[in-house]
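**Q** Next come the chains, spelled out residue by residue.
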Amino acid sequence: MSRSAKIFSAIVILLWLVMALAPGLLAPGDPLAINPAQAFQKPGLAHFFGTDESGRDIYTRVIHGAGDSLAIGLAATALGMGLAIVLGTVAALSPRWLDEVILRVLEALYAIPSLLMALLIIAFTGPGVGPAIVAVGLSTAPGYARLVRSQIRSLKNSEMLEATTVLGHSSWLKVRNHLIPNALKPLMALVTLGIGQAVIWAAALSFLGLGTAPPAPEWGAMLSAGRVYLHLAWWMSLFPGLAIVAVAVSATVIGRALGGKVKSL
Amino acid sequence: MSEQTLITLKDLSVSFDGAPAVKNISLTVSAGRVLALVGESGSGKSVTARSLLGLSGGQVSASELTICGRDARNLTDSDWQKIRGNTISMILQDALMALDPLRPVGREIGDGLKEHSSLSKAQRVQRVHEVLASVNMPDPELRAKQRSTELSGGMRQRALIAQALAGNPQVVIADEATTALDSQLTALVLAQLRALKEQGRGVLMISHDLAQVAHLADEIAVMRHGEIVESGPTAQVLNHPEHEYTRQLLQAVPSGVPRFAPLSIISAPRPSAPERQTPTGPLALSATNLSKSFGKHVAVEQVSFDLPQGKTLGLVGESGSGKTTTARMVLGLQKPDSGTVNLLGERFAPLHEPQRKQLREHMGAIYQNPLGSFDPRYSVGQLLTDALSGGKSKRDQSYSQQVDQLLEQVQLSSKLRSRSPRELSGGQRQRLAIARALAPKPSVLVLDEPVSALDVSIQATVLDLLDQIQLETGTSYLFISHDLSVIEHMSDYVAVMHQGKIIEQGATASIFGSPQEDYTRKLLAAMPRL
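Order-wise, the sequence lines are chains P and G. Per our numbering, the first sequence runs over residues 1 to 265. Per our numbering, the second sequence runs over residues 1 to 530.
Simulated from the structure, these hints should not be mistaken for laboratory data. You may find that some hints are simply not true.
Residues from chain G that keep clear of chain P, each with C-beta distances beyond 12 Å, as calculated [as the list claims (entries may be wrong)]:
#1 S118
#2 K121
#3 A122
#4 A191
#5 G200
#6 G232
#7 E242
#8 G281
#9 E353
#10 R360
#11 Q368
#12 L388
#13 Q409
Calculated lysine-lysine pairs in the BS3-like style (CA-CA distance at most 25 Å, straight line) [stated by the list, open to error]:
#14 P/K174 - G/K357
#15 P/K156 - G/K121
#16 G/K522 - P/K174
#17 P/K174 - G/K441
#18 P/K156 - G/K335
#19 G/K394 - P/K156
#20 G/K335 - P/K174
#21 G/K392 - P/K156
#22 P/K185 - G/K392
#23 G/K394 - P/K185
Glycine included, each C-beta is placed from N, C-alpha and C at the ideal position.
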């Protein structure tokens, strides 16, 4: 991967963080301010990305939407990873029968497409930001759990672990200090990739009206809102869509770069 | 035999990105002669050998480099390709790594012929069989069709040598071809090299161990820091070494050196004549009728031994003889099918881990590859703090003083505390492993091939350290090795393992002086001595 691609991704991620943590810096306006007189303005100097049907500034909304997207992406990945660590570790260290049971459950979950499972979960909980996080988190957990399990299984028979056994360390300390951290290290690259994926799914759920509800500035929801006006205000969908693509691509590029680094260690 | 010069090398220098690795080396390899290049890792011996194949990868300069009458200083890559395998070839170190596990060895050997000769396919197959037969491979036709993983260790080494010989080269380079092999395989490779010499080929042998080359080499060149510090006929170099470093290397060879006599010149001064008390109290370690099978394979069968306090029991045998399985059962890492292990008179195995919690701290272990036994995320200081705190913390500053004491005990600088073990040298890593094992103040240390991956000169300092620790702390050692000379030097008692059984055990002097079993005699005969 070229150096420039990595630098570009780092810049995009940095921008994204600024957007999420201090959106006012880049877009001082109010993302919810309605100005019907200015509805459907084309992108221009007054409104970089144009305005929507209520005259809200798309640029301001895209910037302010980053926070939600980042939060959903991170929280969902954290939830998925957290669950995966517990399930994967328990499976790897359990007696064979319990390992088999957990594995079969994971495989069953794995068989359902993640997005479908997210929809299923939301069917129970009802739409909203919280349920979107839970839905995306739960649907990514089985994949991570299998990876954690195989990492821990190979580590648990390593000389490193035997050495700590001989030193008399308790099982819990071995799991906490050595097994989990070393199992997660090579997964960090995947997690970065996963964040990009989670952002896309969260946006997809909002697009379907199952995540963040309008008029909150969420990329997926904005994409959906613009769908109706696609023929006369293409910018309403294009810019939130570009934002999603930019985040997903940069997360992927950085994840790959991390992956290469982990391998070379 | 008239001595025909095959390789003349004058003033060879090789540098990598401006950093010199080899400086002004001159040597000659003659037909029917063996030249040994001896030195520790990093001394530039492998770089020198690779330069003779055009493989050094650095900037090479020499005032003369003649290979079989041909000036090889300005050869292109494709010129080198024609020479390699045909005129000059190399026996690699690790048979398991060097042979493709997915292809029959016959094809691996024949590959070179395809490149270098105009033989037809049938002729090539014929030649492969000939070469395999020439290295005494049993059933060459059958073996040629098998993959390297299907061959025994000895056959694999033979295949590797056959590969180097396929193109009938006049010069063969053996780069650490016996390192890490057990004594029988070493003897096999040495015998093959001797055969090459008798066939009139020139052999350049590279090793870190003077004892390995002593009987075969006609001449020895000792390398250090990229330079040849001493060279001459073997007898002269071994018997009348002129350079300080040569003497150091000679002293590092443990065979025949009495117990507790230092092997390294630079080792710390030790209490004069070591007075060792006769042990009192219970046996440090006692194993009774240990057995372990994996499926149908019997790994260990009815193994019993006693280790008195403050003494060393050497467990010796070839790879696959069951030494490591025995060690793992003793350490409580593998549950024996039957039999017991007692530590300080109390039952240690088989027991569940919580039941032997009180005894755990009395048992320590040191492995062949220390790096594999360290958590890669921990620094030197953190590893020791982790061990001292029983795994509760890697940063607790209250252990700081004890960490320094441990480092001092193994003669490591406390400046290394914040380093990663990856940045340490092999010898330093093993010292760190020893320091960590000593943290709980164990009564028994199980050392599984602790010096097998080290150069002889580094091995000497680590063995000296182990001696010193035993004298100071009275720790008992179960010392496992395939290297008889190390076992002889380190052990008070010796147990010889073969095919999962202890076939002979007793005091070191009696086992080495008057072995009763044929197998022990065979092992001893294969042992390289100065």
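**Q** Taking the shortest Cβ-to-Cβ distance between G/A191 and chain P, state whether it exceeds 12 Å.
**A** About 34 Å separates G/A191 from the closest Cβ of chain P, which puts it past 12 Å; holds.
**Q** Quick check for students: does the CB of G/G281 sit more than 12 Å from each CB in chain P?
**A** About 22 Å separates G/G281 from the closest Cβ of chain P, which puts it past 12 Å; holds.
**Q** Going by Cβ atoms, does G/S118 stay more than 12 Å from chain P at every point?
**A** The assertion about G/S118 holds, with a minimum of 43 Å to chain P.
**Q** Take the C-alpha atoms of G/K394 and P/K156, compute the straight-line distance between them, and say whether it is at most 25 Å.
**A** holds (20 Å)
**Q** Would you check the hint for G/K394 and P/K185, treating anything up to 25 Å between C-alpha atoms as holding?
**A** holds (18 Å)
**Q** Run the C-beta distances from G/Q409 to all of chain P and say if the shortest one exceeds 12 Å.
**A** Answer for G/Q409: holds, closest chain P Cβ roughly 17 Å.
**Q** Given the hinted pair P/K156 and G/K335, is their alpha-carbon gap at most 25 Å?
**A** At roughly 16 Å apart (the allowed maximum being 25 Å), G/K335 and P/K156 satisfy the hint.
**Q** For G/R360, is the shortest CB-to-CB distance to chain P above 12 Å, so the non-interface label stands?
**A** Given a closest Cβ separation of 4 Å, the condition is violated.
**Q** According to the definition I'm using, a residue is off the interface if its beta carbon is farther than 12 Å from all beta carbons of the partner; does G/E353 meet that for chain P?
**A** violated (7 Å)
**Q** Mind checking the alpha carbons of G/K522 and P/K174 for me, to see if they're no more than 25 Å apart?
**A** The given pair, whose Cα atoms are some 44 Å apart, is violated under the 25 Å limit.
**Q** Please settle this one: G/E242 was flagged as non-interface, so is its CB more than 12 Å from every CB on chain P?
**A** holds (43 Å)
**Q** Checking one constraint from the list: CA of P/K174 to CA of G/K357, max 25 Å. Satisfied?
**A** holds (15 Å)
Comparing the model with each earlier hint shows violations of hints 9, 10, 11, 12, 15 and 16; every other hint is respected.
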